[in-house]
Amino acid sequence: MPELPEVETVRLGLRPVLEHHRFLSVKTRRGDLRIPFPPRFAARLEGRRVNRLWRRAKYLVAELDSGESLIIHLGMSGSMSVYAEGRDRKVGTYYYDAARADAGAGAGKHDHVVMETDAPARIVFTDQRRFGLMTLVDTAQLADHPLFKDIGPEPLADDFGAGLLGRALRGKKTSIKAALLDQRVIAGLGNIYACEALFRARLSPRRLAKNLTAGQRAALVRAIKTVLREAIDAGGSSLRDHRRVDGGLGNFQHRFAVYDREGASCGRTCGGTVRRVVQNGRSTFYCPRCQK
DNA sequence: GAATTAACCTGATCGC
DNA sequence: TGCGATCAGGTTAATT
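Using this note's numbering, the first residue of the first sequence is number 1, and each one after it goes up by one.
Hints were generated in silico from the structure; no laboratory data involved.
Please note: incorrect hints may appear among the correct ones.
[Stated by the list, open to error] Pairs of lysine-lysine, DSS-like flavour, derived with a Cα cap of 25 Å: (1) Lys149 - Lys173; (2) Lys173 - Lys210; (3) Lys149 - Lys225; (4) Lys149 - Lys210; (5) Lys210 - Lys172; (6) Lys172 - Lys109; (7) Lys292 - Lys172.
Being a predicted model, the structure only gives us computed values, none of them experimental.
Model the full assembly from the supplied sequences, consistent with the hints where possible.
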């Protein structure tokens, strides 16, 4: 499910109830997600204050006042829901519906972690496929941690440009589509935004990564940045699982040019038809007429 | 070492 | 209505 824009949408929603707040209680309702919870997971969170909530690739990082950081990944189907404890309480820039904050919130079959903070708010992590994870890492060791050490550049960072992308793609013998999905090449892109960015850059997903010209790399960088920014502004894309923390849907799925549009006519005037092919086991959607 | 495939898990959908 | 096959936004161990 969640690619960079969806994770960023979740971060913006969680921030008012997490950043500068303390965990009052944390409950895990099973022993593991994709990986086991670390020893004393709940005890290491309870009473701790979140100094900062940031994002790296598709990971959320809550920096604690204990020197540890809570790492969250939503996998394919993970979502975070926020429930207020007070009626019509305004938390940051978000209003939460008090009716949703009943005792049953967090008791669903796939609700795996329930956290209470002093915002006050209840935060529920739900993930039916359990490809997500939560763990704790020493903040000082974060950059060297196995989950983080090989992650490539952040596409929305100011210094991400054609030069950085060129270095990342140098010598890559795989397709540009597969390269964009490789988190070591670029952080945060998934199947949707890789397809959409290639469409905007008018580049065929089947082109070899190492063969892009400087001009094509520059066009691809622009396409990646604009599609990600537009998606974040729209609250991400909701296909089946992605929800904003208040339960609302993202809107960007209505703006897909090619993703999941096999057989539809290309939105450009080229007269082409969107095609689906499988690359590295994943569906790729593109217009063979105007993506070269 | 790089690239590709298979596996992890659950649920929705489609064709028969 | 039921059943099996297929597919899904991600990551990574195993294999080529």
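Right, here's what the structure says about each hint:
Taking the CA atoms of lysine 149 and lysine 173, the gap is near 23 Å; set against the 25 Å cutoff, the hint holds. Note on lysine 173 and lysine 210: the hinted pairing holds, with a Cα-Cα distance of about 6 Å set against a maximum of 25 Å. A C-alpha spacing of about 23 Å is found between lysine 149 and lysine 225, which places the hinted pair at or below 25 Å, so the restraint holds. Distance check on the hinted pair: lysine 149 and lysine 210 sit about 23 Å apart at the alpha-carbon level, within 25 Å; holds.
For a cut-off of 25 Å, the pair hint linking lysine 210 to lysine 172 stands: about 5 Å separates their Cα positions. The hinted pair formed by lysine 172 and lysine 109 fails the criterion: a straight-line CA distance of about 43 Å is larger than 25 Å. With a CA separation close to 18 Å, the supplied pair lysine 292 and lysine 172 stays within the 25 Å bound.
Going down the numbered hints, you'll see the structure goes against just number 6.
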